[in-house]
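**Student:** Build out the structure end to end from the sequences listed, making use of the hints.
2 protein chains.
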Amino acid sequence: MTALTNAQFRLAARPSGLPKPSDWSYTEEPVGTPGEGEILVELEYLSLDPAMRSWMNAGRSYVPPVQIGEVMRAAGIGKIVASKNANFTAGQHVYGTFGVQKFAISDGAGVSVVDTELAPAPVHLGALGLSGISAYFGLLDVGRPKPGETVVVSAAAGSVGSIAGQIAKIKGCRAIGIAGGADKCRGLVEELGFDAAIDYKAGDVRAQLREYATKGVDVFFDNVGGTILQDVLARLAKGARVVISGAVSQYNNEKPAQGPANYMQLLVTRSSMTGFVVFDYAARYPEAVAELAGWLRSGALRSMEHVVTGGIEKFPEALLELFAGKNFGKYVLAL
Amino acid sequence: MTALTNAQFRLAARPSGLPKPSDWSYTEEPVGTPGEGEILVELEYLSLDPAMRSWMNAGRSYVPPVQIGEVMRAAGIGKIVASKNANFTAGQHVYGTFGVQKFAISDGAGVSVVDTELAPAPVHLGALGLSGISAYFGLLDVGRPKPGETVVVSAAAGSVGSIAGQIAKIKGCRAIGIAGGADKCRGLVEELGFDAAIDYKAGDVRAQLREYATKGVDVFFDNVGGTILQDVLARLAKGARVVISGAVSQYNNEKPAQGPANYMQLLVTRSSMTGFVVFDYAARYPEAVAELAGWLRSGALRSMEHVVTGGIEKFPEALLELFAGKNFGKYVLAL
Chain W
1 MTALTNAQFR LAARPSGLPK PSDWSYTEEP VGTPGEGEIL VELEYLSLDP AMRSWMNAGR
61 SYVPPVQIGE VMRAAGIGKI VASKNANFTA GQHVYGTFGV QKFAISDGAG VSVVDTELAP
121 APVHLGALGL SGISAYFGLL DVGRPKPGET VVVSAAAGSV GSIAGQIAKI KGCRAIGIAG
181 GADKCRGLVE ELGFDAAIDY KAGDVRAQLR EYATKGVDVF FDNVGGTILQ DVLARLAKGA
241 RVVISGAVSQ YNNEKPAQGP ANYMQLLVTR SSMTGFVVFD YAARYPEAVA ELAGWLRSGA
301 LRSMEHVVTG GIEKFPEALL ELFAGKNFGK YVLAL
Chain R
1 MTALTNAQFR LAARPSGLPK PSDWSYTEEP VGTPGEGEIL VELEYLSLDP AMRSWMNAGR
61 SYVPPVQIGE VMRAAGIGKI VASKNANFTA GQHVYGTFGV QKFAISDGAG VSVVDTELAP
121 APVHLGALGL SGISAYFGLL DVGRPKPGET VVVSAAAGSV GSIAGQIAKI KGCRAIGIAG
181 GADKCRGLVE ELGFDAAIDY KAGDVRAQLR EYATKGVDVF FDNVGGTILQ DVLARLAKGA
241 RVVISGAVSQ YNNEKPAQGP ANYMQLLVTR SSMTGFVVFD YAARYPEAVA ELAGWLRSGA
301 LRSMEHVVTG GIEKFPEALL ELFAGKNFGK YVLAL
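Here the protein sequences line up with chains W and R, keeping their order.
For the first sequence, position 35 (counting from the first letter as 1) is numbered 35 according to UniProt numbering, and the numbering increases by one without interruption.
For the second sequence, position 238 (counting from the first letter as 1) is numbered 238 according to UniProt numbering, and the numbering increases by one without interruption.
Warning: the hint list may mix true and false statements.
The list treats identical chains as one, so a pair stands whether inside a single copy or across any two.
As the list claims (entries may be wrong) - Only pairs whose alpha carbons sit at most 30 Å apart, straight line, appear in this in silico BS3-like list of lysine-lysine:
| hint | residue 1 | residue 2 |
| --- | --- | --- |
| 1 | 238 | 255 |
| 2 | 238 | 146 |
| 3 | 169 | 314 |
| 4 | 255 | 201 |
No lab work stands behind these hints: they were computed from the structure.
**Tutor:** In structure tokens:
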């Protein structure tokens, strides 16, 4: 094996607002040798996720914050270069939280082999990855939609939202997406089969919710928070379920986060708002992946990936593009 | 029957902030005669409730707003003066939403006979009335506390909160009350058996929550909203249930209501926040009243009433005293 060089983005400072170049440090170092029980992975695709911004903050969250100086946390897919772990062999494609780097050494914990015959690698970060699994359990287990009900999804053109809305359709619901921009909204309806899409950048979200959700909103799958959460709370049907999956509108806030001023609509409509973290469903991931894969094969579900090339050097810029909402579907950085 | 004169408080204007004298009109008129199927009730006790403030606002809520010119809505207990309804006889004490007036004519809908042998009339507005029933279903059905869990109640010295905390104790939970003032806090612990009480006017609520709820808060029964809701959200245990029963801190706001800025703690802790309206449980009221009455008889539950005399003329002032938190237990105005 020739000497390999690893390249990494490490967290240099906790950002205030959007991450600046100075919040990152780019490091290079020789790739190490896997020890007994370990594998060496060459990363091919990085998953870029809105939640990454929240991992960069100090304070209590559902996962520990990334420490200053640590390689930035990221999920990815790579190929095993060398294995000293009996569960893996060189040449296999694997999924894991390998970090923003070219090579990773892992003991195999949390690493799973990816079937690239079933679908290309980026799909395993999208519809068949944590995005799809999040949409699956968040919508079905927490949202509990019934056929004929109206499901609203925010960040509907994002990796989780685009799947959640399609699952709502598969389950016989009316699906309304909220997204930013006419192109995304057209894509939701024409390519993914949503019943309606609301461009929050273009118009009055509440007026459009009244128009499209004439009987109110039974399930709201929220990835966004902020004013969009308030707009949907104002339109809840009786006994609605609000799934709090994320709050991307708030992650880059420099001011304190904005709480839903009209949360008393939960009382008015006898509704619930429930926080959801996909990791709690780890034991049931195979169930979700099997069903999602079936839907993909049958054509009931489409996986959208926004694959950006440019290598690891592009990571800081790519993350800003994600926060600017440039992607339709799963944002994947090809290394 | 000699000619009787009715006296009433009607809503004259929708208040901004606390209700001013000019928001009311005091009217007198001759008492009418009950028609076929109707009863004439002479009111003896009015129930004063924080929710009354919300009924005075225009806009979507769980009950229609009181209209301008309408007699202010209020629950009360009175004695039947005359009955042309086969279900009622003169001399009976009855509970109903009779309004802020001395006499009411009713067709009997929503009116129930009150057993003043079981307990004095004010108790039927408190522990055996909607306050107790709200505490019962809100805590047990929505909060679902398990023995050994920590239950926090806000406005714990109020009519609903004082019962909710005691039910938590009956069910084997640790009960922590949040109230305003040292006297109330002492009363919660010494008279009602709460494990601890936090005086939100005196100190750092979050620090005291850390001290008293060492393992976090499993159930929060919230009557208050505002910063207290945020303080408790910051201390939720995993899988906690937040019962939204009211938001008295917000009812008299002139500014837009304050939403919980840290609502993402619901995600961090995988908790839920659910709106609760007691009217949804109307079919099950007898079940609650039977159990509450049993606890009262056994001494497991104490009903606290703050009975104020002064007649109907005192109503506007009494309502302001309620909002200022002068009461310990159920605020009842004796007519």
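**Student:** Are there hints from earlier that the structure breaks, and if so, what are their numbers?
**Tutor:** Structure breaks hint 3 only.
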